[in-house]
Amino acid sequence: MFFTRFSQFYCCDRKKYALFLLWWLLVCPAISLHGHAGAEEQTSDTLNLDFEIPEVEKKPYEFKAELEISETVKGLDEDSLLFHQKYPNGADDGTLYQTDLNLKVEGSYRVNIVKLYAGLKGNLYYNKAEGWENDRRTEEAYVSLQPGPSIALDVGKKVLKWGKGYAWNPVAFFSRPKYIEDPDATLEGYYVATGDLIKSMGGQLKTIALTPVILPVSKHVNDEWSTEREIVWGSKIYFFTFDTDLDVMFLLGEEVYDRFGFDFSKNLSPNFEVHGEAAVVLDYVKYIADQGGNLIEEKDDVLNFLFGMRYLTKSDTTFIFEYYGNGQGYTKDEMTDYFTLIEDGYQEYISSGSMAKLATSRKYGSQVYNKQTVMRDYFYLKVTQKEPLDILYFTPSMACIYNINDKSASITPQITYTPITNLELDLKATFLLGKDYTEYGQKLNDYKIYASVKYYF
Amino acid sequence: MIKSLSMILMCLSLAVPAFALDGHEMLKKVDRNLNPESYEMYRKLINIEPDGSKKEFVMYSVKKGKDKIASVFLSPASEKGRSTLRIGENMWLYIPNVGKPIRITSLQSVTGGVFNNSDIMRVDYSAEYNCEKVEPTDDGHILYLKAKTNTVAYDRVKMWVYGKILLPDRLECFASSGMLIKTIYFKTVKDFGGGVVRPAVIETDSPLYKDYKSIIMFAKVKAKDLPDEVFSLNYMPKVESLR
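Each protein sequence line maps, in turn, to chains A and B. Here the first sequence is numbered in our numbering, starting from 1 and rising by one per residue. Here the second sequence is numbered in our numbering, starting from 458 and rising by one per residue.
Only chain A is shown next, with the shape it has when bound in the complex (with noise of 0.2 Å):
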């Protein structure tokens, strides 16, 4: 299907592909040498060591900022059950392009022990059905207390990142869920008081430091978490000890499912790093649509967890990969009768224009079955290898998520570019492979490009 789509693409928009490609092609080696130009032979013995490094000097206030340009391609499939439920008229085209411009400024003040912090971001995109939009906002903001090494309290916006896992993280109780196709993305905080209280010692137990969380839930404030005004809190405390990160958490709340669990990092030898996760959610509630659009309640204590490794050759080629086993998943059956409500909605609004059932889908798919990784057992697999070819600063890459539960895949090859100090060039495609009825066979579309050239400064 991926193919039929690809060919159908490149004979229709061809040109547009061929501009989008060439494009990203020129920026490369226009920027590599750029960065080569009036270069000549250096050492310790020809450089200016000028020993007033300028960067020592240490001001009140820190800024950087960070300017990304990317264009996206998107092929739609429009065989697939989610085509059909998003335009069940059809679309106008098959590929969709959006150019977008985003902007991430952050800054910090620091008075003696305040230090004041704020991440913002503003994205700026066009794409045929919307034309230009933007959006913004602000991903961290707050207030840093560092009355000495061993404690911190810090009060605002605040991203929280729990875990040791890469594509996903179980028990990262305070924070938004990553972004699979970019586990590294930055997400937004969530408006907490929070600290650290760390204390080192001597012995097996080298540090030992905890990390309580306090989360308000009103209208106003975290209204994500519950439509009750509450206070939700939870705790971390991490342990160093036989060389291992071990983490234990909890999370608990009147209206938010009560969680526990813990996680641990060891190294078994220098490129060879073991890592694991586990969370148990108290009374669950899962809601599971039958093929006829009802939505059934299923309540009950579910586990969550990762196991995953990091390997490195001394070829420089990294090996990440991880198994998820996600207890609030759907299993096989379940998905296939929400995939058949979908195909029976289409085919009932081709029939009779009525777009009951295709619209309980679409409620369905918006709250919970069209989101990420939403069956029970997944592999990641991600294989990097540093400058192959002697070719300094370049690094490709390949991902694979594959759907254990109904043998679907995304694979995404990628490369990454850094000729010159603070410029970082980006391309990778995404493409989706799967039968009838398999999450990723499915999806909206079968094929995705994207590519950037971000600016640090």
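Keep in mind the hints are simulated off the structure, nothing from the lab. Wrong hints could be hidden among the right ones.
[Unchecked claim] With a straight-line Cα cutoff of 30 Å, these simulated DSSO-like cross-link-like pairs (lysine-lysine) come out:
#	chain 1	residue 1	chain 2	residue 2
1	A	K74	A	K86
2	B	K557	A	K58
3	A	K206	B	K486
4	B	K681	A	K59
5	A	K266	B	K523
6	A	K64	B	K677
7	A	K161	A	K58
8	B	K590	A	K386
9	B	K695	A	K161
10	A	K58	B	K681
11	A	K74	A	K371
12	A	K428	A	K386
13	A	K199	B	K523
14	A	K58	B	K521
15	B	K486	B	K590
16	B	K557	A	K104
17	A	K161	A	K206
18	A	K86	A	K407
19	A	K161	B	K557
20	B	K511	B	K605
21	A	K314	B	K557
22	B	K557	A	K428
23	B	K677	A	K59
24	B	K695	A	K206
25	A	K386	B	K511
26	B	K605	A	K314
27	B	K644	A	K58
All of these numbers come straight from a predicted model, not from anything done at the bench.
Based on the hints, put chain B in the right spot on chain A.
For chain B alone, kept in the frame of chain A given last:
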């Protein structure tokens, strides 16, 4: 006859550990000559490519005891705020965007170039190596170092030290196969004040990275009392506040 042989054997058995002790003491002295036990410093790391183009990084670092070091990147903008922590053979990297520390290995390099993480997050040589042999030279000694465990980045190191105060001049670093991985040169001895007199520049090249060079310049190396809590994962986002 038996008495004489016993005396010779006794002398020999005493002489070997005494010689080994000298080597180890010399190594500990080299460590203390390079830096105080607890101190702060600024470093500029420069990677030079075969065509002469270069990339520069500026780091602020604090070290305590034999095997604890924490650093934060001050520039370039793309790296600013990244911090690293090493406790013994455990190493972590904190990237502000990622928001949590991840474990890294001594063989990787957070900056690219010829210096690996073990070189950038250098702890005392005597924490990682035993001195197996000392060989005198015209102006100093060669210390033959062997890694204490197989988790150390280089299996063997040949260290040229010179002068009465024992400063290193050159290191040759070998893999367990005997292959030369890199050579590190110590240059430009400078008085940093407070009794710290040490090479202000170290330079490295490697047969594995032909025609590439990496240089580290040191500035403002001075003793500093540091609490142990600074060397913890929770403190990694705050290392810069120590400046």
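Each hint tested on the structure:
{"no.": "1", "hint": "A/K74 to A/K86", "verdict": "holds (15 Å)"}
{"no.": "2", "hint": "B/K557 to A/K58", "verdict": "holds (25 Å)"}
{"no.": "3", "hint": "A/K206 to B/K486", "verdict": "holds (27 Å)"}
{"no.": "4", "hint": "B/K681 to A/K59", "verdict": "holds (20 Å)"}
{"no.": "5", "hint": "A/K266 to B/K523", "verdict": "holds (21 Å)"}
{"no.": "6", "hint": "A/K64 to B/K677", "verdict": "holds (25 Å)"}
{"no.": "7", "hint": "A/K161 to A/K58", "verdict": "holds (28 Å)"}
{"no.": "8", "hint": "B/K590 to A/K386", "verdict": "violated (37 Å)"}
{"no.": "9", "hint": "B/K695 to A/K161", "verdict": "holds (16 Å)"}
{"no.": "10", "hint": "A/K58 to B/K681", "verdict": "holds (17 Å)"}
{"no.": "11", "hint": "A/K74 to A/K371", "verdict": "holds (18 Å)"}
{"no.": "12", "hint": "A/K428 to A/K386", "verdict": "holds (16 Å)"}
{"no.": "13", "hint": "A/K199 to B/K523", "verdict": "holds (19 Å)"}
{"no.": "14", "hint": "A/K58 to B/K521", "verdict": "holds (22 Å)"}
{"no.": "15", "hint": "B/K486 to B/K590", "verdict": "holds (16 Å)"}
{"no.": "16", "hint": "B/K557 to A/K104", "verdict": "holds (19 Å)"}
{"no.": "17", "hint": "A/K161 to A/K206", "verdict": "holds (22 Å)"}
{"no.": "18", "hint": "A/K86 to A/K407", "verdict": "holds (24 Å)"}
{"no.": "19", "hint": "A/K161 to B/K557", "verdict": "holds (6 Å)"}
{"no.": "20", "hint": "B/K511 to B/K605", "verdict": "violated (35 Å)"}
{"no.": "21", "hint": "A/K314 to B/K557", "verdict": "holds (26 Å)"}
{"no.": "22", "hint": "B/K557 to A/K428", "verdict": "holds (25 Å)"}
{"no.": "23", "hint": "B/K677 to A/K59", "verdict": "holds (17 Å)"}
{"no.": "24", "hint": "B/K695 to A/K206", "verdict": "holds (19 Å)"}
{"no.": "25", "hint": "A/K386 to B/K511", "verdict": "holds (18 Å)"}
{"no.": "26", "hint": "B/K605 to A/K314", "verdict": "holds (21 Å)"}
{"no.": "27", "hint": "B/K644 to A/K58", "verdict": "holds (27 Å)"}
Going down the numbered hints, you'll see the structure goes against 8 and 20, while the others check out.
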